[in-house]
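Just so you know, the sequences run in chain order D and A.
The numbering used here puts the first residue of the first sequence at 1, with every later residue one more than the last.
The numbering used here puts the first residue of the second sequence at 1, with every later residue one more than the last.
Do not rely on the hints blindly, as some may be mistaken.
What the hints assert, rightly or not - Distance ranges between label pairs, derived from CB positions:
(1) Gly28/A with Gln168/D: 51 to 57 angstroms
(2) Gln306/A with Asp72/D: 50 to 56 angstroms
(3) Pro64/A with Val156/D: 35 to 41 angstroms
To be clear, the hints were calculated from the coordinates, so they are not data collected in a lab.
Computed from a prediction, not measured in an experiment: that's the story for all the values here.
The beta-carbon is built from N, C-alpha and C at its ideal position, and this holds for glycine as well.
Chain residues, written in single-letter form:
Number of protein chains: 2
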Amino acid sequence: MNGPVVALSGGIGGAKLALGLARVLPPGALTVIANTGDDFEHLGLAISPDLDTLLYTLAELADPLQGWGRRDETWNFMETLRQLGGETWFALGDRDLALHVERTRRLAAGATLAEVTEHFRAHFGIAARILPMSDAPVRTRLRTAAGWLDFQDYFVRRRCAPAVGEIQYAGAATAAALPAALAALADPALRAIVICPSNPLLSVGPMLAIPALRSALQQARAPVIAVSPLIGGRAIKGPTAKLMQELGLAVDAAEVARGYAELIDVFVADEADAGMTVPDGVRLVTAPTLMTTLADRERLARAVLQS
Amino acid sequence: MNGPVVALSGGIGGAKLALGLARVLPPGALTVIANTGDDFEHLGLAISPDLDTLLYTLAELADPLQGWGRRDETWNFMETLRQLGGETWFALGDRDLALHVERTRRLAAGATLAEVTEHFRAHFGIAARILPMSDAPVRTRLRTAAGWLDFQDYFVRRRCAPAVGEIQYAGAATAAALPAALAALADPALRAIVICPSNPLLSVGPMLAIPALRSALQQARAPVIAVSPLIGGRAIKGPTAKLMQELGLAVDAAEVARGYAELIDVFVADEADAGMTVPDGVRLVTAPTLMTTLADRERLARAVLQS
Numbered sequence: 001m002n003g004p005v006v007a008l009s010g011g012i013g014g015a016k017l018a019l020g021l022a023r024v025l026p027p028g029a030l031t032v033i034a035n036t037g038d039d040f041e042h043l044g045l046a047i048s049p050d051l052d053t054l055l056y057t058l059a060e061l062a063d064p065l066q067g068w069g070r071r072d073e074t075w076n077f078m079e080t081l082r083q084l085g086g087e088t089w090f091a092l093g094d095r096d097l098a099l100h101v102e103r104t105r106r107l108a109a110g111a112t113l114a115e116v117t118e119h120f121r122a123h124f125g126i127a128a129r130i131l132p133m134s135d136a137p138v139r140t141r142l143r144t145a146a147g148w149l150d151f152q153d154y155f156v157r158r159r160c161a162p163a164v165g166e167i168q169y170a171g172a173a174t175a176a177a178l179p180a181a182l183a184a185l186a187d188p189a190l191r192a193i194v195i196c197p198s199n200p201l202l203s204v205g206p207m208l209a210i211p212a213l214r215s216a217l218q219q220a221r222a223p224v225i226a227v228s229p230l231i232g233g234r235a236i237k238g239p240t241a242k243l244m245q246e247l248g249l250a251v252d253a254a255e256v257a258r259g260y261a262e263l264i265d266v267f268v269a270d271e272a273d274a275g276m277t278v279p280d281g282v283r284l285v286t287a288p289t290l291m292t293t294l295a296d297r298e299r300l301a302r303a304v305l306q307s
Numbered sequence: 001m002n003g004p005v006v007a008l009s010g011g012i013g014g015a016k017l018a019l020g021l022a023r024v025l026p027p028g029a030l031t032v033i034a035n036t037g038d039d040f041e042h043l044g045l046a047i048s049p050d051l052d053t054l055l056y057t058l059a060e061l062a063d064p065l066q067g068w069g070r071r072d073e074t075w076n077f078m079e080t081l082r083q084l085g086g087e088t089w090f091a092l093g094d095r096d097l098a099l100h101v102e103r104t105r106r107l108a109a110g111a112t113l114a115e116v117t118e119h120f121r122a123h124f125g126i127a128a129r130i131l132p133m134s135d136a137p138v139r140t141r142l143r144t145a146a147g148w149l150d151f152q153d154y155f156v157r158r159r160c161a162p163a164v165g166e167i168q169y170a171g172a173a174t175a176a177a178l179p180a181a182l183a184a185l186a187d188p189a190l191r192a193i194v195i196c197p198s199n200p201l202l203s204v205g206p207m208l209a210i211p212a213l214r215s216a217l218q219q220a221r222a223p224v225i226a227v228s229p230l231i232g233g234r235a236i237k238g239p240t241a242k243l244m245q246e247l248g249l250a251v252d253a254a255e256v257a258r259g260y261a262e263l264i265d266v267f268v269a270d271e272a273d274a275g276m277t278v279p280d281g282v283r284l285v286t287a288p289t290l291m292t293t294l295a296d297r298e299r300l301a302r303a304v305l306q307s
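Hey, can you work out the whole structure from these sequences and the hints?
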């Protein structure tokens, strides 16, 4: 079974599977559509956390412990900024900073986010195509007891502590998907569309809130395969479980599958969730979904492609 | 002899004497007015090279070999920017970058350049006051065979190679001096005004092109003392000699003294220039002006103050 594959991914967890897919597929067969709902401007710099994590992960430059940032990083900028009384709640490594400064410069000179991302992809020597979900700004915001918070304020500055009552993907309803993304999703040769094990509400949600992307998934002839970000009711990393609970959702893989019901053909859950129920019309496949090593990522990628 | 001292300084050479003055005067007795004609925007960042060199030098953080930048610097941002195909002709160290990012952020938030500089001064624990020559942008430009060039394009990118036919201090004629600078220059207790051994055309020229600063020097009751940047017709560093020659000036300390004639009371030249002539009304003092060690800087500072 051959043909190109499209993956929808957020940051760390999604990027792990994207790397597995990139490594088991022929070079260039993978297109990753990335969440940009986390993007923000900080210290005057245009920062795209999920695109950056995908770039570093697919270039095999990512920090293996943190999952975000680069493994060969130094922190002298940050240390000095702290000494100067600057804002240091969002960690920016010295090497990482080059990406943000250069992105900001190129955007200010009139390039689109997709063009800047393609420039970085080429310079990092990444074979997979990486597309932002839109060139238009979409901003995830969260209603909490402290009011509406911007995503990074909630996620990084406040470490996901405030209870969330509502999530908004500001700008998504009118954001255009990239023509290249829609073409990839409509490709008659497409082998599969993979929704990576990213946070359904914070990472996949913004992508599916873009009408053209959602329709493209609904109309796709290729099978749509979602991989569960929960194992036995717990998230590997991040606030998925906490957030689902706060929003009154059941905290398990079945709830995630229900959320994707009208879009997916296959739901890949961890073997720990073999007994779960999936919505009618969705086929359950189980596989080891915990991705600690590179071999884990490749194994899960193969299981997803064979599901 | 006591009382406050005001120094007018450009970057490297001027900052060396400023440090000497700061070290031999009581804490807080020194005010440095800095050239900002070299300021520019690069990679979206507001960069003030002479202010930065003064901050690093007075904080005793400057790189002792280069004279600019910090001595405990790393270059991972720059190396990564090069890998990403960014503009790397202006060297920005990882620690140095924090100053530019924070300055840019504060200016964008509405602070003046003087306020940002004062913030940095306080955070670096510098006792001397450091004032930009103006909060308004003044930009030194040079007419060459390649057309009018911005200062850093000429100075750093093209390494002063193009022959200069004319120098312009764009914005200087209408730039306001800082009230704090004018007050310091008019202080009845003022002991001396020192024109540091900076490039007369590129570093001191922009300051003297601001009408209020020039008048303040002309009207000052305190003695105005200029220190020669040339020793035996040669500049210690930078393009001073080359530039003077290209502009049809004699390349010697006497020419520098003539340029300052209507403003100064004392001209401090190197002992190698003991036989030089100075304009009427200007008193010649000689001293060792080469500042290699910290002791050299303090010795020259004492000689200037006792002149």
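| Gln168/D and Gly28/A - C-beta distance against the hinted 51 to 57 angstroms | Because 52 angstroms falls inside the window, the suggested range holds.
| Is 35 to 41 angstroms a correct range for the gap between the Cβ atoms of Pro64/A and Val156/D? | 38 angstroms, holds
| message | Taking the Cβ atom of Gln306/A and the Cβ atom of Asp72/D, is their distance within the range 50 to 56 angstroms? | response | Holds - the Cβ-Cβ distance for Gln306/A and Asp72/D, about 54 angstroms, lies within 50 to 56 angstroms.
In the structure shown, no violation is registered for any of the earlier numbered hints.
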